[in-house]
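A.B. asks: If you want the building blocks of each chain, they are given just below.
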Amino acid sequence: MAAVVERDEIDVEPFVVGEEATPEFEAANIAQERRRGFLIALPAYAYLIVFFAIPLLTVIVYSFATRDRFGGADLTSFNLDSYVDLNDELIRTIIVRSAGLAILTTLICLVVSYPFAYYMATRSETVRNIMLVFVMIPFWTNFLVRNYAWYVILGTDGPLSRVAEFLGFGPTRVLFTQAAVVLGLVYGFLPFMILPLYASIERIDGRLLEASRDLYATGLQSFRHVLWPLSLPGVIAGSILVFIPSLGAYVTPQVLGGTGTTMLGSYIVTQFLTARNLPFGAAMSTVLMVFMLAATIIYFRKGGRTL
Amino acid sequence: MAQADVARVDVEEEVTRAVDAVSIRGVTKRFGSGDSEVVAVDDIDLSIADGEFFAMLGPSGCGKTTTLRMIAGLEFPTAGSLKIFGDEVGTLPPNKRPVNTVFQNYALFPHMTVLDNVSFGLRMQGVDKATAATKAGELIDLVQLGGMEKRKPSQLSGGQQQRVALARALVNQPKVLLLDEPLGALDLKLRQEMQLELKSLQRELGVSFVFVTHDQEEALTMSDRIAVMHHGRLLQVGSAEELYERPINRFVADFIGQTNLVEATVADGDMIVLGNGSKVLAPSDYAAGTQVAMSLRPEAISIGPRGSVPAEHRADSLDGVVSSAVYLGHALDYHVSVDWIDLEVRAPAVGSQGRFQPGDEVSIWWDRSSNWVVAD
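Protein chains in written order, with the numbering used here: chain A, 340 to 646; chain B, 4 to 379.
This is chain A alone, in the form it adopts within the complex:
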């Protein structure tokens, strides 16, 4: 009995007590609700402005500046020179190569992840959680360290080469090739493909697949007409999450790639740190970002917001 009385006492009071409800009160309540929401989000806004918006704007501003004689940026003379310079044979080669490797990485990730995600989504809760942990485990080690692990595995005297030699293929060195870069990227970004795929497949009602089989679809048709279209949001989300960082990847091409495998990320870093052409590096970054933004917008339009 006492507990019941207590609960009555702490009952939440309505916004307006003892007054007739009118549209004005309703509007006031909504406005108050909004202000409260803004206050809660304030720390996040502050963080994003200081560490994201301001640096981003700096890069964009620098991309229109002129390089001065000492490797800095002259912020008094703005022009489009850096963007014009992007139209260059070498840059085009690097962009095509980066895009090609990123697309290849994305496709391999998709092909490897889809069956895995489907398997995971159709297991019991316990098995699922264990598998999720296994997907996460690589994140416990630093990305750079993991890349150096591959450096050792793929190197001239590494285990891979030894196995190849033992099997009679002769010494094999994968390190410093495009294959090594793609392998490293696939390894690094696989979880970003698996997780959204898993999330979207897991949400699909298994009875839909049964219904399709009941309606004379073969396993393959069932996949094509039911599973695949319904998992498309996950496919698109995963592809963007893999494609974008692959395109701008820096660490992996740097560690596992050779001179012939320079990708956009490495090239931009070179412009900032070695060539000291800040406006040119900034222009390249800006173009890359605009491109990624476009890709993301396409995703939200087509795939809906499912992550």
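Careful: at least some of the hints might be erroneous.
Unchecked claim - Ranges between beta-carbon positions, derived for each pair:
#1 B:202 / A:369: 50 to 56 Å
#2 B:362 / A:361: 39 to 45 Å
#3 B:113 / A:375: 34 to 40 Å
#4 A:466 / B:28: 32 to 38 Å
Hints listed in this document are in silico derivations from the structure and should not be mistaken for laboratory results. For every residue, glycine included, the Cβ atom is placed at its ideal position computed from N, Cα and C.
Position chain B against the provided structure of chain A, taking the given hints into account.
C.D. replies: Just chain B, lined up with the frame of chain A:
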């Protein structure tokens, strides 16, 4: 005696029919293994005739849905033979069977329009788009959804989705239509409407409908025959009347409709001894001394003032006190306390002066033909 007769009639029927739509012989389904093994369906035999409206009834977990899924090919039997129109289909995948299913909660493809949903089965069988669309259109009209072809399932009400699911299955002209609790998600009014519609649709098409439900009233209303399942076992198969009037055991008697189970012991001859020591004439096949129960339907019991028992029913009567009286509109529901038991009595509604109040001393009696003995 009576139970044996029922069984014999069943066997005779099976022999005279040419080919059963569905024939299940010794089918068992186990899930899991070792300690976690569950026997979902335990060695059942079942024949469903062509053109029959057949219901599988039982509480949840009784194995009725598993049985249906085995007919559909969504589960494979662990043991036994399963034939559809004489062809063994035990381990054939669902797309190779001439049956279609209306799923619980419908399982409509959410990314397809109504038309695409309904024409799916035909398209998968290689029918060209135009023909499939024409046939699908006919079925959509049949289930009264004309004009909704371009809508997505999410834009339909529950009842409309139900009709789409029905059209999607029927468009393939299945030899047997399987329905898994198809009306469970609908509200009462719509459910009753759909019950009649399903029944008339089935008559019109002449196709066997195999219908799974946990709602005994639904099963009684719609079906030609009903199979009652419990704990994976098939307890009894029969028409609504057979199940209601001649239940094979305590579970069926209790599950189909409402009943009073009066504990008793079989005496010699055709007599049983009730808990209070009175002997009642109730023929059964059980040996003397067997613990049984007499199943007395509430509406089979008459009620009147103490001492008003007609002479011919004197042997089948008890004296008691009304412990509760509930007005149901079309009937009055009494609970009558007899010295060792509480009995439910359903009397036709009469004017207020003929009703009894809690505390009234009454007599109850019933016709001897209502004495029906069941064991565990």
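A.B. asks: Quick one: which hint numbers does this structure break? Sort them smallest to largest.
C.D. replies: Per hint list: single violation, 2.
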